[in-house]
Structure formats: C-alpha cells, structure tokens
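Peer 1: As given, the protein sequences belong to chains U and A, one line each in that order.
So the first sequence is numbered by the numbering used here: it starts at 1 and just counts up by one.
So the second sequence is numbered by the numbering used here: it starts at 1 and just counts up by one.
For the record, the hints were derived by calculation from the structure and aren't laboratory data.
Treat the hints loosely; a few may be bogus.
[Claimed, not checked] Mimicking PhoX-like on lysine-lysine, the simulated pairs with C-alpha atoms at most 25 Å apart in a straight line are:
id	chain 1	residue 1	chain 2	residue 2
1	A	K515	U	K727
2	A	K125	U	K727
3	U	K237	A	K237
Each chain, written out:
Protein chains: 2
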Amino acid sequence: MDDTRPQPTPLQADELRNMDRFWRACNYLSAGMIYLRANPLLREPLKPEHIKRRLLGHWGSDPGQSFVLVHLNRVIKQRDLNVIFISGPGHGAPATLAHSYLEGRYSEIYPDRGETEEGMARLFKLFSFPGGIGSHCTPETPGSIHEGGELGYSLSHGYGAAFDNPDLIVTVMIGDGEAETGPLATSWHSNKFLNPARDGAVLPVLHLNGYKIANPTILARIPHEELEALFTGYGYKPWFVEGDEPEKMHQQMAATLDECIDEIRAIQQRARQEGGNVDAQRPRWPMIVLRSPKGWTGPREFGAHKIEGSWRAHQVPIADPATNGKSLKLVEEWLRSYGPETLFDESGRLVAELRALAPEGPRRISANLHANGGALCKALDLPDFAGYAVDVSQPATSYVSPTDVLGQFLRDVMRRNMTSFRVFGPDETASNKLTAIYEASGKTWLAQIVESDRDGGELSADGRVMEMLSEHTLEGWLEGYTLTGRHGLFATYEAFVHVIDSMFNQHAKWLEKAKRELRWRQPVPSLNLLITSLVWRQDHNGFTHQDPGFLDVVTNKSPDVVRIYLPPDANCLLSVADHCLRSRDYVNVIVADKQPHLQYLDMKSAITHCTKGIGIWDWASTDLDHEPDVVMASAGDIPTMEALAAVEILKGLFPDLKIRFVNVVDLFRLMPDSDHPHGLSGRDFDSLFTTDKPVIFNFHSYPSLVHKLTYRRTNHANIHVHGYAEKGNINTPLELAIINGIDRFSLAIDVIDRVHRLRGVGDHAKERLRDQKIRHLDYAHSEGIDSEEIRDWKWAG
Amino acid sequence: MDDTRPQPTPLQADELRNMDRFWRACNYLSAGMIYLRANPLLREPLKPEHIKRRLLGHWGSDPGQSFVLVHLNRVIKQRDLNVIFISGPGHGAPATLAHSYLEGRYSEIYPDRGETEEGMARLFKLFSFPGGIGSHCTPETPGSIHEGGELGYSLSHGYGAAFDNPDLIVTVMIGDGEAETGPLATSWHSNKFLNPARDGAVLPVLHLNGYKIANPTILARIPHEELEALFTGYGYKPWFVEGDEPEKMHQQMAATLDECIDEIRAIQQRARQEGGNVDAQRPRWPMIVLRSPKGWTGPREFGAHKIEGSWRAHQVPIADPATNGKSLKLVEEWLRSYGPETLFDESGRLVAELRALAPEGPRRISANLHANGGALCKALDLPDFAGYAVDVSQPATSYVSPTDVLGQFLRDVMRRNMTSFRVFGPDETASNKLTAIYEASGKTWLAQIVESDRDGGELSADGRVMEMLSEHTLEGWLEGYTLTGRHGLFATYEAFVHVIDSMFNQHAKWLEKAKRELRWRQPVPSLNLLITSLVWRQDHNGFTHQDPGFLDVVTNKSPDVVRIYLPPDANCLLSVADHCLRSRDYVNVIVADKQPHLQYLDMKSAITHCTKGIGIWDWASTDLDHEPDVVMASAGDIPTMEALAAVEILKGLFPDLKIRFVNVVDLFRLMPDSDHPHGLSGRDFDSLFTTDKPVIFNFHSYPSLVHKLTYRRTNHANIHVHGYAEKGNINTPLELAIINGIDRFSLAIDVIDRVHRLRGVGDHAKERLRDQKIRHLDYAHSEGIDSEEIRDWKWAG
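Between the sequences and the hints, there should be enough to build the whole structure, so can you do that?
Peer 2: Structure, rendered in structure tokens:
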C-alpha cells in the first residue's frame, strides 16, 4: 500500500457500516451457495444434512468482487450513473449472483428463487447443481455479458461494450490469473481505441487476489514499482487499494472510486466540450489495482494450512463439513460471522436499510439493459444491396474483387449507422480490399498521429474502422459490441482466424444458451466473420498462410447458432452480407476472397441462388431435360472457377456427356434437414445430386468436411471431394490448385475415371490433360506466374 | 532517443566502415531478392527484363534485422559467444537469408545457390518463386527455429530455446506489429521463469519499425516514458537505440550490445557463483528497443509519397519498375547506392575483408546447431514404464486416476533427465493430478516467493515444472524447447487446448516441411500434448468447459506428423506415453482423463493393445467363434465404460446376442492405410468391424469425426456413432452422458433398434431401459450426484 498517500475517509460511520453489512450479505450468500442445501438462514444449528452432497463452486475471488459491486452501487446512486460490471475471474459467479439477488433482480427473472427463506434455499441448492445455476457468469446471470468460463476476454468485452455508449461506464474486474493470458495482456492497449467524446468509459479493476488454482500469480509477485510501471506503460493511471482490514479498505475504495469517476467525467467533459477533437491528447484513464486476500473474510486457516490469502481458498475452502465435525463447526462459525440474522428479516428478505443501498430499476447493475443488449438493439438502416451489383451480362466472363464490392456496400452501411456499426480487422482492412469503407470513416486511433498518416485510410479519434494487430482483441471488442446490441463485421485472413477458434467456441455456446433457454434475453445482432485472403490465393505467402480448417471448428457447434456461406462471386457476397447483417443470434461465417475473381450471376440470379443456398446452374450444365452422367459441384470462388473450366474441357472432349453443375453457397444445405434447420430433405438432396451418379465436388476447404456433412446421403458413396490436401509452398495459384487436385485438369480426369461410359474411350484425353498440367506447371516454374490462358480464363459458353 | 546518455563510440573507423559495408551487402541482397531475376551484381544497366515478373517479398523490416545480425556477429567473434537469432517480424526472411548467404552457410546447404554471381542470381530468382524460397524464416532457412508466418510466438520460442542451455544467448527480434498480439504481449513475462544459473539468456530486441501493413504500430506511437515504463513493468532493463543515421546508429548499437552482453554475463556469473540460489533476487535482464525507419536505406520517396519510414515500405516499395522507366531508374539508384561492386568480388563472392567479419563454423548464427536441434538431441533416459503398472487382475473392476499414474512415470522421467525434460501446464498440473512430478522437481518461479508457498508443489528458480496461466506461452516454450532438441509434455484442459489451435497448425506445418523435404534438419523430439480434464467429467464446470473438438483440427494436418491416442486406462496411458516420449517429429495428442476411471487391461495386454492400436476385447465380447450380431466399439475412457455397461445390460436381456467389443486407442487406425501410415487395410478393418453388421461406436469427441475417418469403409453405412452432441450445462457425469446419448441405456437401446432379430422382441426391454434413464436422472436431480450404482459400476463378467 502506498502509505505516503493521505487516507481520506469519505464514508460516514453509518454509511460505512451498512455498506459493510451489504457486503457481508453478499459473502454470506456466496458461501451459502457453495455449502447449503437447507437451513439457508442458519435458523438452526448447522447439521451435516444441511450440507450439499457435492461441494462445488469457487470462493476465492467472490468477496473481492462483491466488495467492488457494493462500492459501485454507492456511486451509481450518488451520481445516477449508468454502469455495467464484467466479472473476469474464473468461476466468480457466486459474487454476481449474490449481488443480483440482493438487488431483487434475480428474483424478478427467476420467481422460484424469490426473496424469501424458501427462495434463498432454492438459490443455494440450484447453484452448481445438475441442471441448475452455473459457476461462471453464464447467460442465465442477470447483468452479465461475459461468462468467463475461458479466461482472457473480460477487458476486450468491456471495451466493446463501451464503444458508442457515451453514457456508460463499464467496470471490468480482471483476475490476476486471467491477466497472465495473452489476450488479456494485450487488451490493455484498447485504451488507444477509445474516444472519450463519443464512447463510454472502461474502468478496469485488476484484482490482485494473489493466487490462481494452485500457484501465485505473476502480477501479485512483482514489486510495486514494476506493477505501477506496467500500467503506466499501458497508458493508464493506476490507483492502488490494498489491504485486508474491511473498515480501512471501505474508506480507501470509496475514496478511490470517487477519484476515478471524477477523472472519467473530467476526461469526458474535456473531450466533449472540445467538440470531439481529442486527437491531440490521449487521456490517461484511471484503473484500480485491488489487492485483497484470496477468500477474504473466509476461514483463516484449517489445521496446519493457511486458507484466507492462499490458493487453498480458491475453490471450496473446507472440503468435508458433512463428514467431519470439526469442519462443520468451522463452516458454521464462518457463516455465522456474517450475522445473517442481522442482514435478513423474518421472511428471509434483505433488511430495508440495506435494500436501500441498491440503485433502482434499470440502474441496478443486474438490470442494466446494456447487459441484455437485444433490448436496446435497433435494426441497421441498410441501403439496398442490389444497388452495388456488379454487371454480369454473361456468366464467367468478367473479373472483379468481391471484397472490393462488399467494401462499397459496407461504406454506406456505415454512413447510415454511424453510432451502431463498426468494422474490425487486424491491420488488414486495406489488404483485404475493403478500402471503400474509409470513405465513410477512418481508422480509430488515439495514439500519436503524424502528418504522413493522412496518406492512406485516415487515422483519427473519430474513426470507426478498428484495426489492431490482435485477432483476440478485435473478436473480443466485436463480441462486447454485439452483446450490447450493436452491429459489426470482423474481416480476417483465413489462416489466422484459427487464432480465435476458442473465442468463437465460447461465443457460440453463449448464443445457444441465450437463444434456446432464456426468453428474457432479447436476440442480439449476429457476429459476422468475413474470412478472406483465402487459401487458394495465398500461394505467394506460403504454407503458413494456407489453412481453411476453421469451418471444421464451426460445424461442431450447435446448428441453432452457426451459419457458413461461400458466395461464389460479388453479387452473391452482397446478398449474403445483407442477410447476415439483418440476422440475430448467429455466428455467420462468410468465406470470400479479395482477389479479382470471375463473376457468375447477375443480381437477380444471385438473390435467387443465395436464397435457395444451393442450386443447379443451368447455363453451365449440359444435362438439360436429361438424367446427368455426372454431377459437378462446387463451393467457394476458385473451386467454382476450376470446376467450370473442367466442364468446358469436358464439353470439348465429350460433347454428349451430360453434366449437371451444382453450386453451394449455404454449406449447411448439405446436411440432412433433421440435423440442421438449413439442411435439405433427402428428396431435395437426391434430386440435385442424384441417387447413383458420380458427384465430383470441388470444395474450398478440407475435403473431409463435405463427407462429414453428407455421409448419410443416399448417394454418398459416389461423392468424390477435391479440396485442400494440406499441400503448399510458395506457389502460383494454378500450381497450388494442381498439387491439391482442385484444378480443372484433375477434375476432368476424375470425371473420366468415374463415368462408366468414358472408361477406356477417355484414356487418350486423360493423357492430354496430364500433359497440359505439366505444360502449365512448367510455364509457372520458369516465369514465376501462371500463363495468361489460366489467369484470364473465361467461360466460352 | 535519450539524449542525456553520453554517446560512446566503441567502433574504430575501419571496423565501423566494414560493418556498415557488411550491412549494406545484406540490404543489397534483400532488395535483390525482391526485384532481380538476372543481372544480380548490376554489372550492366538495369533493364526491365532483369526485373521479376511477379514482385513479392517484404522490404520493410529487413534493414533493421540485418543491422542487428551484423552487430551480433561482432560480439560473437569478439567474445566467442553462442548465439541464435529468432526473427519475429512477418515476412522478414530476406534479411536472414542474406545474412546466412554472406556467412557462407546458405551455399553449404544449397550448393546450387553458391557464392558466385550465378548462385546469387539463383538465390534472387528462387526467392518467393513457385516451388522456391519462402518469404518467412521457413524450415528451409539455415539458423531458423521460428518461421514467423503467424505472428506472436517469437519471444516464447526464444525462451523455450534458452531453457537448459546455459551457454546460449537467444536474440529475439520482435516486430512492433507482432508485439500487439496477445501471445507476444504476455510472453514478456517469461523472464519470471528463466533461471540465470541454469538457463541461457534471452535478449529481446523490440524493433520499433513504426508501421504494420497499413497502419502505425501502437508501441511506436506512445510516448517514450510509457514505453520505458512498460518494459520496466515487464521486469526488463530497456536500452534504446534510436535514429536513422547509420554511423551514429552503428556506434550506438555496438555500445548498447556491449552493455547488454556485459549485463547478461554479470547476471549469470552472480547466479552461478552463488550455486544456483537465485530465489532471492530476480535479475532485470536487458532488452533493446531499436527504433529505425521502416525500409531504412531504401528509397525515401516516390512521387508524392513518402516511402522510407512509412507503411509504404512494408512490402515492395516501388511496384512497377518493369513497366515504368522512372520506377526502374529509382530501383537501380537504390540498389547501386549499396555499391555492390565494392562488396562482391569478380566471382560474385563477398570480399575477403567482409567475409572476415562473420564468425566461423557453428558459431555462425546460420550454422548454430541449436537451430537444428535434432543434431544436438539425445534420447531420453526412460525408466521401464511397465514398472508403474496398475494391477488389473480382473478387467473393469477397479478405479484409478490415469493421470495420477502417469505422473509417477513422468516424475522418474524427469529425475533421469534433469536438463532435457520439462513438463508444462497452465496452472493445472496439480488439478490434472500430475502432482507426483513435484517429487522430482518443483515449479519454476523467479518472482517473489513467500513462506506459505512451500505448502503445495514447491516454487523455486530450480523448478522444472512450468506453470503460467497462458497456453500460448507454454506451447511456445515447448515448441522452442523441442526444436532445440529437448523433450517435454504439455498437459492442458481439453476445452482450452483450442486456445492454441493455430499454434498447433503452424508447428505441424513446420514439422512436415522439415521432415519431408529437408534432409539436413535432424529429427527433433515430438511435441507431446496431454489433453485431460475431459468433456465427460466437466459436467460440474459446465458448457464452456466442454469441447472435445481439437481432434478435428488435428486430423486436418498431414498424416506424416500427427498422431492421436485415446488410451482407455492407466496402463494403456503408460504405454502410449512411453511411445510418444521416444518418438520424433510428431505432434502426439494423448487424450486421457484425470478422474478415477475403471481399469481394463493388465500391463501385458495394454502393451499388446496399444501396439496394435485397435483390437477386440475378447473378455467383453460374446461372439467368440461366431459371426457377431453387432459390434460395440469405443474410443476414450468414459465412452468405453458406458459401452461395456451397455454390453452387460444386453447380455442380461438377450443371452444369445453375439456382441463383439472393439476398442480404439490409435485413432488413425480408422483411416484407410492409403491415407495414413497408421491406417488399417480394408481387409483388417472389415475383419474387425464386419462388412454388414451394425456397429455402435461410442466416441469421446464429436461423432462426425469417426465418419470423417471411416466414410470410405465397406461397412460405413452401418456405423452409428454416439459422441458429444454439444449439449451440456451443470450436470452429473451420467446426466451429461445421457443428454448426449453416450450412456449405457442409450447404447443398449440403439443396439436393440439396429439388430434385426431384436426388433419387436426388444420393445419391452427398450421401455425398461428408458425408465432406468429417468430413474437415474431423477436421483441425480434430487441429490446432485449420480447414484452409487452408476458411479461405482463394475463389470460383472
């Protein structure tokens, strides 16, 4: 503790006493959730049968979290603040549950857990009980937008919530365990992207609780000077609240919180009076380091072991009260130390003078509408996407960059929604050819700006394009932004979207619970991921930049919440993007490349095609009014072009061959309708893919994914998938296609091999196709580029 | 620049001049690689036909990197140092390639790119050319252990290389773009895990190059005081080398490097003289901040655009010299500014006085054996794993924690290999029940230690168990450790291994290239991942902790380098672990839970079973000498138990039913032998799974993965997989099994449904099984735990 700082005592004796009692009530409930299945108010002596059969839950960080919540209530009431709270420490739900229960919000949502002795008993019982209440701040938790089951994302979620919410203060409690993760460690730099004029404030509270599961934490074990330097270096003004004596700590915390709120308001006022021109000076936002003992106010020791202030307080501090009399006594003493009889009235309700400490209505942290973002969400004002259509008079004869076109649409989406739409990208917005967006808004940047920065997308505090070289931070911001009811799109290199695999998993799980099980949670905007700089055009960047496997991760998540689209051209991309921006409660994954690609469908056809999600392209098929000999299917831009080129080759070689061309935009169409709401019925699938003809499927990603989705289809044994076979290097696009077998020649050869009546008669043709492969490879290897014939290939019709 | 610091000038005029020339030679080669396909020494005027057809490569960070390399050479020679260099900035290969070429090492490995004009021309041509040389520090790059295709891992790789290499200095060049990533931001804290007595040193050089692809970097745009505070806060002593005048910068860098090496040696000497007791005081290791212009020494501007010192220098600074005379002239001027005719002799070889600047033999950074770790690798001294066997007199009648047993084996592995084996875990070694390891060695910890830390696995500078709450850092350390020839194992919660999906992808790609294409790279120890705290026992931790999908990511990588094992019990786990610790050049993924589980096989049977990787368990089968009615298959511990329990139920219901029980340890056995070296032939697969009988497969992970691996098998249409269906909450283990359908009752019902002759006759049994499910769920929901009957179920035989 910094003892040179004078110790102000802003709390009057009564106020302090009641705040401490409210805090003790929180702590009592937290401990009760972990231990009790009956006798919730300890109206009788504690007996083994009152103890839960299975003791689950995490005590360690609860008192520290409740401490902060109690103090937040004070400033919310005093100043009529708009505050939400994000609980970063793992398994810290008892604190937030207790607080929301004491605020009355919990019982409003879950009337079976009312503010009565019986309701409290039920809350206790259901906590960490099968089918009951989770030990993280799950979607079921009032006031939560951050579950915290996986650590590392609290602070980026907090910043995401604060963007474009000028009135909001997001308090983010960060566990010192969580603070060791990479995503958290870099998310401190989010302060370079927060505009005090336009955005709300984030108040990080680093909880130096001292221990993780079984180890001390790094930040709790470095000298004070290093800790202070670290947060100064991150650009904050750190305040320290350190100690273990409740009375002193209450005064310290109250004083510190007053200072921090004053600073926040001063920063905002300064920026807002200056009319938003804050480029000149990035503010040093306050943050708080709260150093308190792990398991504060819990048992000090048990036998020879220290508990309070050690890792032993992390989970259940006393493990065996049901079977060990000494333990039972200790648990009872601990629980009674909070004086439940002085905190709750006869009916089991918090006494009136403590209830009065909580804010009212939606000012309660647990009832703040920002934490149920769907309730505040407004639909985007979208321009007509058809207005951005690329002219396609003949299919497959012109080249356009799909993301370039999308950028123009997004530019106008942004212009119409300047406080509720943002685009995110890891320093790749320009690389991914979404540059048109900069015409609507520059890049957010609160760090130093120099003259030459004007050259290229402009940097300013007012920018709405978010670029930081951290996929974790961007994804966290976007999750926080959408969970508080706003809209966005995150564009990233395909290979490196794997960086956020785990964040995607966690967000999908959140959406599923919220959507399926919680009627009180309003639908939130979907999280839109644009995956670009795709494998097939990462030929020049090499093997490390070639990984289309994110789709496998996505298909493992619940069909209720995930969607995958592979628009083959710019008009389809526009149609898909419009659909995704309107949708709610999904993760939409859009796979579209940035390079110039062939355009296939005019806008009307594109809309029809994307609405169906899968369909026969008559213009590319030769089986009209006939049963096909073979189905050529494709999903993805380059695979579609190669598949068409193969069809053209085959048409030249075998004019009588009946080829049906099928293109897939909505990948889940391939699944049975019993397994996915977008799935095709068996009859519809069979009518497209036949029940017995060979299907050559040219796929964007790893081939096995198509098998994973179609293995139950009638004709599955005849579906032969070409896709990325994990082969790459520095290549040309054609070479990369050839070594993985998705090129036109390999496809044509496969058709010849699979269509019975071509066997034998096609041998000579196969030979010529193999020669062509070699000829084109030779050219690429001598010139370093693909031949014009390949690069500028067009459908001859 | 800190102008208050006096500016020493350690370099004599001649030395400075030659070092500058060597640097210019590096820069010349870097630029040459990007632009030239002929006329490599500019012996004739530059013409369009000398320019590559496709300009690829990244100029921006090359001069800064070469600058550091030139200065490293000086101190290596002067002090006979053992130094490797890790290149963090993306696409920075031209610098390291140039340096290794000038050191002669490149031509030793690739004689077709010799130290002649012709060799240089070939080097230039092949760079970023199809089938040629990558633009990252790929495995093909001499001296590299870090490709840097994906950003964020340079520093953790560097620390991994330094552990247990007391003599080694690992210089890690960190791009200021990379520094924004989460993994990099937390890896600075690795200094709390480096023991100066026993480990080598890491010298980070943060390259404040100023710009990423299209944006300034955060760290280049915060005030000097913040930057200094940040690294002080991270626990380093930062040195600043800032400027753009080569002469001054050389003197500054030389002086700074001298100081840093002096500090490193002083820290090490102090620690080593004190006999390794460094617990008392964590050293403040030096680090360097090098602020130099992006594209330093390149063209200053082009038209109205600033190039040097801007993001426009990131990649190819002048885009069109082949078609634009003005551009061609500028490129020629730029290249000639280095004076190639003064740097290379008639034959094209670096002139002798510059060659003399490079160290010799394996002291060359590009030839250092630590960067070809297999060359230094010694096999582990392994105790006989059979000595740790669990006694299994009757299959499936006793419960043991598999990881607890493994911990005992690993303890002794560690004891026998105290300088070449480490265990890594994100604060979960104890939670994952590997606590026996602490008997061999405590946990590495160089931060503050307090008295109560003795309570639990001991913390000390000498510990060899690495625990930090960052999966990224741990994985990075282990990759660095194995790539430099040492051995290790990383144990982590199953759900959160997704955090390192992308790191896994990148490491697998590295291994594949090194193994398949580079004979000069010696095999390195496999990277062993123990995935534990498995989905089926994360019932109490809830939905966020349930994600077995990492295996899907793994199966997308090359069969040459990935292995997946699901040992069903402790003895199998021992056998598998022994196998993995002996192996080279793989990523081995071992899936084994930490909870007490039924034990099935005695050691002898376990060895046989694991050697085969898949097999029939006769003792659990009822089809002896008969064709089975049904095959019950399993992979994973809990799925195996439930499958056995189902068999027992079915035996009771239908004594005549012929059930074959198959267990899978080595998951890739399921694949065709044409697709994976571990794959079973069609005949072997069919002999196990039949060609027409129903197969009920109870699987650890998502069911579709089994289909992905088996879709080409004869009997695939009859394989019915039960696995995780993305359904979870706070549950009991049985409840979790039931809602996902992997429980004994659901399996038995499925058998009744699938076996023709049971249809109808089994209806009553199905009814009873459904009742049993409900009864057990009711018990769990009232008591919060599973009934003893379920929890303590044993095979009755």
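Peer 1: Work down the list of hints and note, for each, if the structure agrees.
Peer 2: Hints, one by one, checked against the model:
no. : hint             : in the structure
1   : K515/A to K727/U : holds, 14 Å
2   : K125/A to K727/U : holds, 22 Å
3   : K237/U to K237/A : holds, 22 Å
In this structure, none of the earlier numbered hints is contradicted; all agree with it.
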